[in-house]
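Each chain is listed here by its residues.
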Amino acid sequence: MSRVRRHADNPAHALPGDDPEHEPRARHGRAPDVMRLGGWTPMREHGEDEPVDFVIVGTGAGGGTLAAKLAEYGFSVVAMDAGPYWRPLEDFASDEMHQSKLYWTDDRIVDGENPLQLGANNSGKSVGGSTVHFAMVSLRFRPEWFKSRTLLGYGTDWPVDWREMWRYYDEVERVLAISGPLTYPWGPKRPRYPYRAHELNAAARVLARGAEAMGIAWTESPIATLSAPRGLAPPCVYRGFCTSGCSTNAKQSVLNTWLVRALAAGAEIRDLAMVGQVETGADGRATGVRYHREGRWRFQRARNVVVAGYAIETPRLLLNSASARHPDGLANSSGLVGRYLTVQANQAVWGTSAEEIRSYKAPPSLAISEHWNYEDHGKDYHGGWCYMAQGPLPTLWSSTLATGHDLWGDALVAEMQNYNHSVGLKNVGEYMPQARNGVTLADETDQYGLPIARVTYSWCDNDRAQNAHARAFMGEALAAADVRDIWEQTNDTCHLNGTCRMGDDPCTSVVDADCRSWDVDNLWVCDGSVFPTVGGVNPSLTIQAIACRTADRIRDMAARGELDRRARPPARERAR
Amino acid sequence: MPGATAMIAAGLGAGLAGWWLAARRRPARREPGTHRAARRLNEASALLGLSVMADSGLEHFRGEYHNRAMFAAPSVSGIQIGASALGAVSDPARWSTPHHAVQVASAATGVSGLAFHLWNVLRRPGGLSWQNLFYGAPVGAPFALTLAGTVGAAAEHVRGADPHHTRLLGRPAGPALAAGAAFGLGGTVAEAWLLHLRGAFHNPLMWLPVTVPPVTAALLARAAFVGRGRMPVTRRMLEATAALGFAGSAFHAFGVARNMGGWRNWSQNIQSGPPLPAPPSFTGMALAGLAALEMMEARNARD
Amino acid sequence: MPGTDPRRDRFPGYDVTAKRDTPSWNAKTRAVVDERLAIDPEAHRFFDTTEWRTLRALCDRIVPQPADRPGRVSLAAMVDAKAGSGKGDGYRNVKLPPLGAAWRRALAALEAEANARHGHPFSALPATAQDELIEAMRRGDLHDLAWGDMPPDLFFQDRVVPDVVKSYYAHPTAWSEIGFGGPASPRGYVRLGPDRQDPWEAHEDHGDGHARPANERIGR
Chain A
1 MSRVRRHADN PAHALPGDDP EHEPRARHGR APDVMRLGGW TPMREHGEDE
51 PVDFVIVGTG AGGGTLAAKL AEYGFSVVAM DAGPYWRPLE DFASDEMHQS
101 KLYWTDDRIV DGENPLQLGA NNSGKSVGGS TVHFAMVSLR FRPEWFKSRT
151 LLGYGTDWPV DWREMWRYYD EVERVLAISG PLTYPWGPKR PRYPYRAHEL
201 NAAARVLARG AEAMGIAWTE SPIATLSAPR GLAPPCVYRG FCTSGCSTNA
251 KQSVLNTWLV RALAAGAEIR DLAMVGQVET GADGRATGVR YHREGRWRFQ
301 RARNVVVAGY AIETPRLLLN SASARHPDGL ANSSGLVGRY LTVQANQAVW
351 GTSAEEIRSY KAPPSLAISE HWNYEDHGKD YHGGWCYMAQ GPLPTLWSST
401 LATGHDLWGD ALVAEMQNYN HSVGLKNVGE YMPQARNGVT LADETDQYGL
451 PIARVTYSWC DNDRAQNAHA RAFMGEALAA ADVRDIWEQT NDTCHLNGTC
501 RMGDDPCTSV VDADCRSWDV DNLWVCDGSV FPTVGGVNPS LTIQAIACRT
551 ADRIRDMAAR GELDRRARPP ARERAR
Chain B
1 MPGATAMIAA GLGAGLAGWW LAARRRPARR EPGTHRAARR LNEASALLGL
51 SVMADSGLEH FRGEYHNRAM FAAPSVSGIQ IGASALGAVS DPARWSTPHH
101 AVQVASAATG VSGLAFHLWN VLRRPGGLSW QNLFYGAPVG APFALTLAGT
151 VGAAAEHVRG ADPHHTRLLG RPAGPALAAG AAFGLGGTVA EAWLLHLRGA
201 FHNPLMWLPV TVPPVTAALL ARAAFVGRGR MPVTRRMLEA TAALGFAGSA
251 FHAFGVARNM GGWRNWSQNI QSGPPLPAPP SFTGMALAGL AALEMMEARN
301 ARD
Chain C
1 MPGTDPRRDR FPGYDVTAKR DTPSWNAKTR AVVDERLAID PEAHRFFDTT
51 EWRTLRALCD RIVPQPADRP GRVSLAAMVD AKAGSGKGDG YRNVKLPPLG
101 AAWRRALAAL EAEANARHGH PFSALPATAQ DELIEAMRRG DLHDLAWGDM
151 PPDLFFQDRV VPDVVKSYYA HPTAWSEIGF GGPASPRGYV RLGPDRQDPW
201 EAHEDHGDGH ARPANERIGR
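Chains as they are written, first to last, in the numbering used here: chain A, 1 to 576; chain B, 1 to 303; chain C, 1 to 220.
Honestly, the hints are just simulated from the structure, not real lab data. No residue lacks a Cβ here, since even glycine has one placed at the ideal position from N, Cα and C. Any given hint could be a false lead.
[Said to hold, decoys possible] For lysine-lysine, the following DSS-like pairs were computed, each having C-alpha atoms within a straight-line distance of at most 27 Å:
#, chain 1, residue 1, chain 2, residue 2
1, A, K101, C, K87
2, A, K101, C, K95
3, C, K19, A, K101
4, A, K189, A, K379
5, A, K101, A, K379
6, A, K189, A, K147
[Unchecked claim] Going by beta-carbon spacing under 8 Å, a handful of chain C positions derived as facing chain A:
#, residue
7, P12
8, R45
9, V94
10, V161
11, F180
12, G188
Let the hints inform the model, and build the full structure from the sequences given.
What follows is the structure, encoded as structure tokens:
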């Protein structure tokens, strides 16, 4: 390469002393301005001895959203995240392997009959959480799922009403400027998506052809990446590295939406801050969090603690916070902390098209069918599922072929050369909550000396029946779109929910409808852990909607003076 | 924000250029008013042709010219521009059969382009859906070539006609042209509305081409059917629409800069950003409208 | 078939690194990929000489590479670096030891299997014999005591695939081989439809002679 040209480029990245993976960026009264190269934005700071209204553990879809809303409502907020504070424009390479720095890659033990794949698959370690690498698919629950026990005969009812959730979905869709179709084919009426749907790539058109041949509806996926400019964010350039982090800021992640608002409203964000325990006082109430930052353990006092570490780190932290008063872990009088971990199906069918598909271009899931979320007939199992177009990049595709299709050596090398012709469909399906699936503490410890999580997962018969139906249907749809040499991938799952489920009864849930723990009335859980059931759609929009609702409820409770003490004692205490 | 300032400055500058083109009066020479109107119409059709050539050239490049027919639009519009430009500068002006034939052929090419584009949209999954109207072959775009050819052909008719009894399709030329220009303006508005809807009207300025030109088109249509005497409001609106066309290109240049990598990433953003050559088609239609208006005003003055 | 390269020259003349100095690569990407290209193929700090020899032989069979092709992927060195870093993928099956220990045990076990079956080290076996052992490992059909309680099939699935297969396809040489567009920021893509490609994407050979000149123009 004799001619070195410098254009259309970021400036040299490595500034001396700027190593976001080892040195915190958010300190000394400023935080990174994620929209500008090398930029900074002012940040209010709080002393550790001064109790803040809320310390929030985790800055993803739950914690980041809540931090913004609570700060805007006038509460003092410190939000901590174990991960780095990225500036996507300068920190993100177009490279799958390097970008694994976005994932939670600390050790976790997996077991059960169907051990989960974690890390890149579903776990983020960044300010902004997993939304920094999520695939941006932003779907609403089917209304009946909030009462699936009553209306559909399975799972557990949520303690919230779908019409209320519908309003919070409206809010989140506006904040993320979701790009979606002008009319949505399923479910009750919803407002027009703020931005128009993206152009379908070839992989999405295969889904569309297949769905039309099968006689079911399809549409453009509502996704959180821009189809037109917005502020300093450009529209999507269809680079296709979405799940390796968006280097252009077109992706509307928590990092470049809610957290920008949080900082502007006076919240403090502490990056590279690993919380080890929620501490409690003599009265059993939370007093703050013990956390590790800049090489030592520290303590932040707080009037309220919100745990928002997603469905593995949240129960892990609560279990690691056991004390004499809370011997089984914090908020765990029900014994349900860590239980009912519920992931979602991620079954796939793949094949080869005569056309060049090149699914590495554009966001991976531009087209979707929610037909089997809204159609209850023709199923021999409970729960719904949707399916979407796919766009695996080379390393993901190679491991899919190796583990899902048993290829290695010459056969793998040859099949990988069909990469540009490969195309597939993958579902997101509703697995059943099971008490045996969950998170416990392993004997081993991590780099902070904290016991690591042991994650146990097994499918039930209902899950397997749904998998079989989904694969068979998607296989037919793929064949109907003239795709050949179709094979089924059965070994994948996606998303993490449950483990601190919400409910109406302290005996059968960990938190109430406001995400407030039944046991400790100044301890809250706000992330996917609170889901009693998971539905057949990606959870990020619902997590953010729940966070918005929680923030509004906290504001209202504070106004009524009910924040320091629960207005009504939990049912069990009342019974005593 | 410096970007916004630059955008407003560039937009104003380009707008002023369009305004000048529309509002300038030729020095009073002893020539029939029909000649001046014909010249104006040739300018209008040349500008429309230019817009079509650049826009289709770029869009069909994006489509990799995968069908040979895609060469038709940029090449036919190139010839059409030549015919219009020759007409605009020919002096003394007279009816030209070859020019007229080129213009009619261009209009016909536009019509067949409409059919091609509609076929492209309908054969995609989803058929006549927003997705395909937004991202398939733009159904309305070839209409601009039809307009260019029609306006150019009208120029030849006007040029060759009796200055006192100019008629088009059996109707008095001024009102007929005004009605045609109003219709053409309406089509151009529809195209801009569709594409600005695709952009979610993310910038308030994107409302301009779907608010100003429709008023202009309505005034022009009114002038065609019930126009009396001088019509200064209609004239000013036509001039404003002409200015808007040029300003639009400047705004679109700013839009390209807002895409990732800005102008440094031109090889992508010229194609995926807002189309630079599209807005001047408003200027072209406004110029045609002005020619019609001048003919009507001259006739009204004589009556 | 061992000994013949299974690849076809499907994207003749395409070299994804030719785009290094175009708007397709940002500074961070250049730094990251430059580092990967500079990996010394002989570098091994984690594995001892015997393990290293076995690992290299294993990598050569998991993803065979033509001997004469420029831009050889330093696959074993990438595995060594990952094993030495102790940085895993974020989950470990309860039946597997930690990353480095799993590799050490598996390499020793493969060596033991080779010696027991053929009386030679794994690296000295003909390719067909190596392939038989690898396939037996993938099916979980190896039982030497050196495996301990680690299931060979689980080792294949959770260590060989992420550490060897994914490393190979994280390399520009592999991207060129499969016609992947490679790094794409700030410049992404415009043409998204079937059988459509941007001028800066790999052109597939359709036998009409167009692909090579088009591919050789990329980045110039």
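Against the structure, the hints:
For a cut-off of 27 Å, the pair hint linking K101(A) to K87(C) stands: about 10 Å separates their Cα positions. Distance check on the hinted pair: K101(A) and K95(C) sit about 26 Å apart at the alpha-carbon level, within 27 Å; holds. For a cut-off of 27 Å, the pair hint linking K19(C) to K101(A) stands: about 24 Å separates their Cα positions. As the CA atoms of K189(A) and K379(A) are separated by approximately 26 Å, the hinted pair is consistent with the 27 Å bound.
Only pairs whose Cα atoms come within 27 Å are accepted, and K101(A) paired with K379(A) is rejected, the gap being roughly 41 Å. For the suggested pair K189(A) and K147(A), the alpha carbons sit about 19 Å apart, so the restraint of at most 27 Å is met. Among the interface hints, the one on P12(C) is violated; its C-beta lies about 13 Å from the nearest C-beta in chain A, farther than the 8 Å criterion. Hint status for R45(C) relative to chain A: violated, with the closest Cβ pair at about 19 Å, above 8 Å.
Interface restraint check for V94(C): the shortest CB-CB distance to chain A comes to about 4 Å, inside 8 Å, so the restraint holds. Annotation: V161(C) was flagged as interfacial toward chain A, and the flag holds, the nearest CB pair being 4 Å apart, inside 8 Å. At a threshold of 8 Å, the smallest CB-CB gap from F180(C) to chain A is about 5 Å, leaving the interface hint in force. At about 3 Å, the closest approach between the beta carbon of G188(C) and any beta carbon in chain A falls short of 8 Å, and the interface hint on this residue holds.
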